[in-house]
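Student: Given next are the chains, with one letter for each unit.
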Amino acid sequence: MISETVARWLQRGDAAVPSGPTRTVSNMAALALAASAAFSCAGETAAPIEPPSESERFPGGSTTNDLLFGSKAFTMPLANATREHETLFFSGNSFFNSAWVEAPSSTTARDGLGPLFNARNCSACHFEDGRGSPPLEEGESFVAVLFRIGTGERDENGAPTPDPVYGDQIQPFALSELSAEGVPRVEYTTRKGEYADGEKYELLSPRYWFEELAYGDLAEDLRVSPRVAPAMIGLGLLEAISEADLKQLADPDDTDGDGISGKINRVWDEAAQKRAIGRFGWKAEQPSVRQQTAGAFLGDMGLSSALFSTTSCTEAEEICSGLPSGGEPEVDEETFERVVTYSRMLAVPMRHDVDDEEVLRGRTLFHEIGCAACHVPHHTTGKSDLEELEGQEIWPYTDLLLHDLGKELGDDRPSFDATGNEWRTPPLWGIGRIEDVNGHDRLLHDGRARGVAEAVLWHGGEGERARENFRNLSRSERHALVAFVESL
Amino acid sequence: MSRLVEKSRNIFATSCLVAGVLAGASGCKSGESDSTGGEGGAPGAGGAVEGGAGPGGASSGDEDELINEAAEQYASVVSATYGDALASALALKTEIAAFLDEPSEETLTAAKKAWLASREPYLKTEAFRFYDGPIDNPEDGPEGQLNAWPLDEAYIDYVVGDVDSGIINDPSVAITALALGALNEQGGEKNIATGYHAIEFLLWGQDLSEDGPGERPVTDYTTADNSERRGQYLQVVTDLLVQDLEGLVQAWSSGKTNYRAEFLAESPAEKMRRVLTGLIVLSGFETGGERLQTAYDTQDQEDEHSCFSDNTHRDMVGDVLGIQDVYLGTYQKLDGTKLSGTSFFEVVKAKDSALAAELKDRIQTSLELAEALKPPFDQEIKSSAGRKRVEALIESLRFEQEPLLEDVFRLFELTIPNPE
Chain A
65 MISETVARWL QRGDAAVPSG PTRTVSNMAA LALAASAAFS CAGETAAPIE
115 PPSESERFPG GSTTNDLLFG SKAFTMPLAN ATREHETLFF SGNSFFNSAW
165 VEAPSSTTAR DGLGPLFNAR NCSACHFEDG RGSPPLEEGE SFVAVLFRIG
215 TGERDENGAP TPDPVYGDQI QPFALSELSA EGVPRVEYTT RKGEYADGEK
265 YELLSPRYWF EELAYGDLAE DLRVSPRVAP AMIGLGLLEA ISEADLKQLA
315 DPDDTDGDGI SGKINRVWDE AAQKRAIGRF GWKAEQPSVR QQTAGAFLGD
365 MGLSSALFST TSCTEAEEIC SGLPSGGEPE VDEETFERVV TYSRMLAVPM
415 RHDVDDEEVL RGRTLFHEIG CAACHVPHHT TGKSDLEELE GQEIWPYTDL
465 LLHDLGKELG DDRPSFDATG NEWRTPPLWG IGRIEDVNGH DRLLHDGRAR
515 GVAEAVLWHG GEGERARENF RNLSRSERHA LVAFVESL
Chain B
583 MSRLVEKSRN IFATSCLVAG VLAGASGCKS GESDSTGGEG GAPGAGGAVE
633 GGAGPGGASS GDEDELINEA AEQYASVVSA TYGDALASAL ALKTEIAAFL
683 DEPSEETLTA AKKAWLASRE PYLKTEAFRF YDGPIDNPED GPEGQLNAWP
733 LDEAYIDYVV GDVDSGIIND PSVAITALAL GALNEQGGEK NIATGYHAIE
783 FLLWGQDLSE DGPGERPVTD YTTADNSERR GQYLQVVTDL LVQDLEGLVQ
833 AWSSGKTNYR AEFLAESPAE KMRRVLTGLI VLSGFETGGE RLQTAYDTQD
883 QEDEHSCFSD NTHRDMVGDV LGIQDVYLGT YQKLDGTKLS GTSFFEVVKA
933 KDSALAAELK DRIQTSLELA EALKPPFDQE IKSSAGRKRV EALIESLRFE
983 QEPLLEDVFR LFELTIPNPE
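Taken in order, these protein sequences are the chains called A and B.
Here the first sequence stands for residues 65 to 552, where the numbers follow our numbering.
Here the second sequence stands for residues 583 to 1002, where the numbers follow our numbering.
Calculated directly from the structure, the hints in this document are not laboratory data.
Beta carbons are placed, not taken as given, at the ideal position from N, Cα and C, and that holds for glycine.
Errors might be hidden in some of the hints.
With beta-carbon atoms standing in for the labels, derived distance ranges [what the hints assert, rightly or not]:
1) B/Ser642 x A/Asp419: 18 to 28 Å
2) B/Ala954 x A/Arg339: 55 to 65 Å
3) A/Glu202 x B/Ser754: 49 to 59 Å
4) A/Ser389 x B/Asp793: 31 to 41 Å
5) A/Asp320 x B/Ala764: 53 to 63 Å
6) A/Ala223 x B/Asp793: 25 to 35 Å
7) A/Glu202 x B/Ala954: 46 to 56 Å
List of simulated lysine to aspartate or glutamate pairs, DMTMM-like, C-alpha gap at most 20 Å [to be verified]:
8) B/Lys964 x A/Glu532
9) A/Lys327 x A/Glu454
10) B/Lys970 x A/Glu148
11) A/Lys256 x A/Glu532
12) A/Lys264 x A/Glu528
13) A/Lys338 x A/Glu307
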């Protein structure tokens, strides 16, 4: 908890802080002083850095997983789950993991796969509820990265227009008697760079293309947007951040002049049949976990649900007509609800090394160089129909808003209010445990970055100033910043 | 936040009970004993708790000593249990070889009997999972290859409605240990090609009857399509099973540079954390949750753990027995030899005797509830009397046993290791 004195000081919002000995964990004010002083030196608007509080150890508040770590760190239900919800969680988990099969089948609860698909089950891409990566070795195929495609236009609701033949995503698998759409490929070229202190680094710059296209040519001037399957933790909590809080954070025209805009993506809400605030996906294109889940069932596995009752084939793909269906819808209401509840109930793991001196130094730097402007550390959740999620003090390090990250990261594929260069700030919680869970350190929307430092170095646009600040740090400062992010 | 407060309250509440309970609790010499001596061993052989430990119980030095001894005993129990799992898998391999050599009702029945026997020690080893030890470390732990479920039957062999499905009926796939190992879990957790449940499916076939297990005909291995490939498949997955168990026995045998040595060199708190993590997850999440709660909720045979052989009820018993062995530091080997030594029960008792006893009783209750389940489990989750029995076991594992284990976790203020 934040001490009363500090809380009062925070409310005042100026840099006058109580004095005291420096460099101890308990002495939060001293740290805050150092931080805010440096912040001012960098010529930024003087805003105080919240000192480390006990609640930061538990990024998901009382939902935080404080028991199981290692490779299973992302698999736990909310620690405060009610019996009733935990029961739904376990059943949802079963459907999340088990393979859907071709219809008709004796496995009636789990048939209807395809005919075109990216995976047979959710966990193929969200393995151990964690994060996917692009192929890490020669000859490996893309599993946990999907490719959104389109013509670069938008329809009357703002949704990106799909490729007329292949739809809005490439499905590299099909039922045995059919042809898959195509095989995505990537090639990396190395880009060399240098920190201000002379230390060299290399970034991997990707180029993507498709082979074995089975249904003719792709649209001319096709826009391609690769998307890594993100970790599943904390989704219900992010959904419970109130709309008012997000609107408060948004500053689309940068009226405060800090160089950071922050824009809400107003996307299509299928259930409500109107535009709504987008929160999920790399461009915040989905308004709810429910719609995200229905979209993944349909787009990734070819399974219809009450929300999306169509098929994932386009009219040009005639193979789809006349094939047996796995039911109407293929994912029945009860199963769908269980998977949605499961997806909303995966707990965020506890932080580690919170008191480590290097981590604390990195924490200060994180604020100083401007990372926290978009990776907003702390929120208090509002209302939710899962009472476990309500009123939690959470530390996701995101504002859920769109920011321009520059042309180098852009996909040139506008989506609703997001331009080609804009991406939603991804949450950083659990980021240091991806290696334990998924055995890789790949970050960013297409997994091009090998670790935190490279991810920072790819930031452009609104993130450019923070990136340059990072490049100008000393070696030990950079390591401290990375250590902090990995401690989240 | 509220959890923290809760935790400190727990710790406080339990430590109030401890003052002065525990002299002489420590001290059983740990290790594998060839005697059939009773539980607990000889008391008082060293590490006795003298005064000066303060109101909280044993001083941390004594407590550490006790945990170290219990961890030694744990390693002995793990080693003996994996040893029996391997021995019974070798017996299974012999019976399967005899069956493939001369397929008949008799040899098939003998192979099934051997499979059921091999499950008994293996299930107990599930208490050694979930802390990224040899069985399930993310690098090369064989758990997914050994015991993953549910099985997508159609990925392996024909099923009702599709006579050509599966690797067996696809001559373009070579049936070798290497190939099957690679196919296992390809494209996500559930394309299971190997392990106990693959062997189970190949022996029993799909369970299509209400009151009995699967009824795979012997002709699947004589005159049916691809019978030779099916035989090859069964042999290869059995070899793989034995090979994986050998690796686990190696990892836990004493006097070697292996996981056991590394484990014992860890701090007392870390050792205890690993042991307890296994018990907590197996009690509440794996057995109580994924295996029982899910099946109870969906009433679907697809959520039954050993569905082909209708042996799921024994899986539940085996899991609880394994937990009991770990807590009490005991194990009875297949040859009748009994192991006993310093236990984690004694470790907990030294700090909070009431909690220690409550947990011991609770595990015993869970065991009795598991033993009360009536086969076949796929009917047990449907009939009203059966559902009551299943529910009682879920209640005991998830809402009684697991929270008590968590209390122990917090009583010892066990903390989480940092990623490297």
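Student: Each hint should be assessed against the structure and marked as holding or not.
Tutor: Here's how the hints hold up against the structure:
1. B/Ser642 x A/Asp419: 18 to 28 Å: Since B/Ser642 and A/Asp419 have Cβ atoms about 21 Å apart, the given range 18 to 28 Å holds.
2. B/Ala954 x A/Arg339: 55 to 65 Å: Holds, since B/Ala954 and A/Arg339 (Cβ atoms, about 56 Å apart) stay within the stated range.
3. A/Glu202 x B/Ser754: 49 to 59 Å: Roughly 23 Å apart at Cβ, these two residues miss the hinted range, so it is violated.
4. A/Ser389 x B/Asp793: 31 to 41 Å: 33 Å, holds
5. A/Asp320 x B/Ala764: 53 to 63 Å: Holds, since A/Asp320 and B/Ala764 (Cβ atoms, about 55 Å apart) stay within the stated range.
6. A/Ala223 x B/Asp793: 25 to 35 Å: 53 Å, violated
7. A/Glu202 x B/Ala954: 46 to 56 Å: 55 Å Cβ-Cβ, so the 46 to 56 Å window holds.
8. B/Lys964 x A/Glu532: 63 Å, violated
9. A/Lys327 x A/Glu454: 25 Å, violated
10. B/Lys970 x A/Glu148: 17 Å, holds
11. A/Lys256 x A/Glu532: 15 Å, holds
12. A/Lys264 x A/Glu528: Status holds; Cα separation ~19 Å.
13. A/Lys338 x A/Glu307: Status holds; Cα separation ~16 Å.
When the structure is compared with the earlier hints, violations turn up for hints 3, 6, 8 and 9 and for no others.
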